[in-house]
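Protein chains in written order, with our numbering: chain X, -14 to 247; chain R, 435 to 749.
To be clear, the hints were calculated from the coordinates, so they are not data collected in a lab.
Heads up, some of the hints might be wrong.
Stated by the list, open to error - Computed, partial: chain R to chain X, Cβ under 7 Å:
#: 1; residue: 466
#: 2; residue: 580
#: 3; residue: 583
#: 4; residue: 584
Stated by the list, open to error - Okay, the calculated bits of chain R under chain X, using three or more residues with CB under 8 Å as the criterion:
#: 5; region: 440 to 446
#: 6; region: 451 to 462
The C-beta atom is built at its ideal place from N, Cα and C for all residues, glycine as well.
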Amino acid sequence: MTAAPTAPQSIMVICRGVFIELMRRKDIHVLLIFMGLYFVATTVVAIVGIGNPQTATFLLNLGLTMTWFFAHLLTLILVSRQIPGEIDNRTLYPLLARPLTRQTYLIGKWVGCTIAGVLVLLTLGLIAWLPVPKLEEYNTTLLLQLLVLHVFSIAMMCAFTLLLSLVSPQGITIIVMGILLLLGGRIIDAGSGLLEGSSFNGVVRWVFQYLPNFSDLNLVTRYTDGIAPLTGSEFVGLVGVSAIFTLFALALAVSVFDRKRL
Amino acid sequence: MKKSSPSSLILIAALVLYLASPVLTSRLEPNDYAGGRSRDSFDRSIRNSSAIAMLLGEVRMSASDLIFIKTERYLHEGIAYVPHLEREDLTPDLSENGEGEEDDHAGTPTLIPTTETDFRGVIGVLHRRVKPWRDPSAAHNHTEGTELLPWYRLMTIADPQYVRGYTIGSWWLKGIDPEKAIEFIKEGIENNPDAFQVYYMLGRIYFEQTRELDPLAEGLQIRELNELARDNFVTAARLGLQERPDDWTPPKTPEEFTEEWDEGREDDLRGAARLGVLLEQKYGDSERALELAREYLIELAPDGVLERRIDELAP
């Protein structure tokens, strides 16, 4: 008789399923075509000659911003269909009939999607970064901080999308998370100033801080602007905040999934 | 007693941390920094005139640029002209005697071509009939600007360092609600403390307000407003002179201005210097006014207005 798999082994198996699904779907191919076009266009421009450093910086900013957006978008789409898809296709039930807890299953999905998102981020990031001639000064420490924060941003995106996918249809999940991804920072800024001058302003400002702010974890423009890296406390603070948000969303998702009637 | 499961304990711990997280998040603003290439107007204009920007057409380097183009469309009753308006076109120049200057911009091509230049035949005719269009040789119709205001609000939300949005937006807003205009331009100063044009615009708004007041009945208020205007003009002139390239000499024709220091900036700087001296002379100390005029003239010579002012003030 074979021994029941341990939790890490089960998580690895679920991760593998996520990767297979990622490769099977067309989304990644579409994004690779987009980034491939960018790569070809930028390479041609670099060979022909970029007229000035400002244009080279713009191209770098464009490429890295596309990378940030595409990696998050792909992760969002991938995560949003994991559990609803498995429930609709009835592939979830045989899985849970095995010695696999719901908690392990959900964490496996989160780990798998996060790793997939990070791999996409790194692949697209290389396509964006390599062909552009670096004609202005950019800070390498900030580039490393940017990469680390993007990884945490992807992990946070996975956790919140998993949570939302348990309680809302896929379309709604994608719209809500898409809005938070693109406009979260602006919503927080605008919301925080809603009652400017009122005695409730502090409370409103505090409440809006509970929204996940993906734009704070995106340092692409800071990097291409040639600004100094974040201080140690700022960087640790951002990592800590994204870790707290991720942990909270994941713990809540586990709790909701444990109670969910399948 | 029922024992809590590890996952419940993790959830409680995560919830506590999450509830306390605004203590940290409210202190973290990694993208709130001064300067940067993307906000530099010289870099911006070079990027916008690059071949890549041309290929992208209206999808300019930033949302604020894109929205700015929209304001031109709204100003022209929806007619799409080739972008041609600069700040001075959108804020009618007010000389010291308060006379406005008008330019109908006739001759600026429309994005939809004319019958003579359009190869599309009947499709072109339909395009001109369906979309707002006007013969480009005719004078432009400018709307009153009310409908432009939300766009200026949007462009400054999209990019708080977009100085042009604050200066032009507050100028339009001034005609509708001067207090809101002052609030708006002060927000611009808060976000761009080193940009001389926002101080200049605030000074202009205060200065314009005095024209609406009765000198006999409201003399004290006029004085206060003029003093506020003077302080802002002096700040604008100081910052403008710092920003102006050291080796810069005034070109002989407007076409010779470069993107690094354009005609609009030069006009604003001279306006700030002249009005600062004028208001110091009228509402402050004559000696200080003379001192300022001489200081500005070193950098801005030749300048007939400042020279006249020195002649008046010199003992």
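Hints, one by one, checked against the model:
| no. | hint | result |
| --- | --- | --- |
| 1 | 466 | 10 Å, violated |
| 2 | 580 | 22 Å, violated |
| 3 | 583 | 17 Å, violated |
| 4 | 584 | 14 Å, violated |
| 5 | 440 to 446 | holds (count 4) |
| 6 | 451 to 462 | holds (count 9) |
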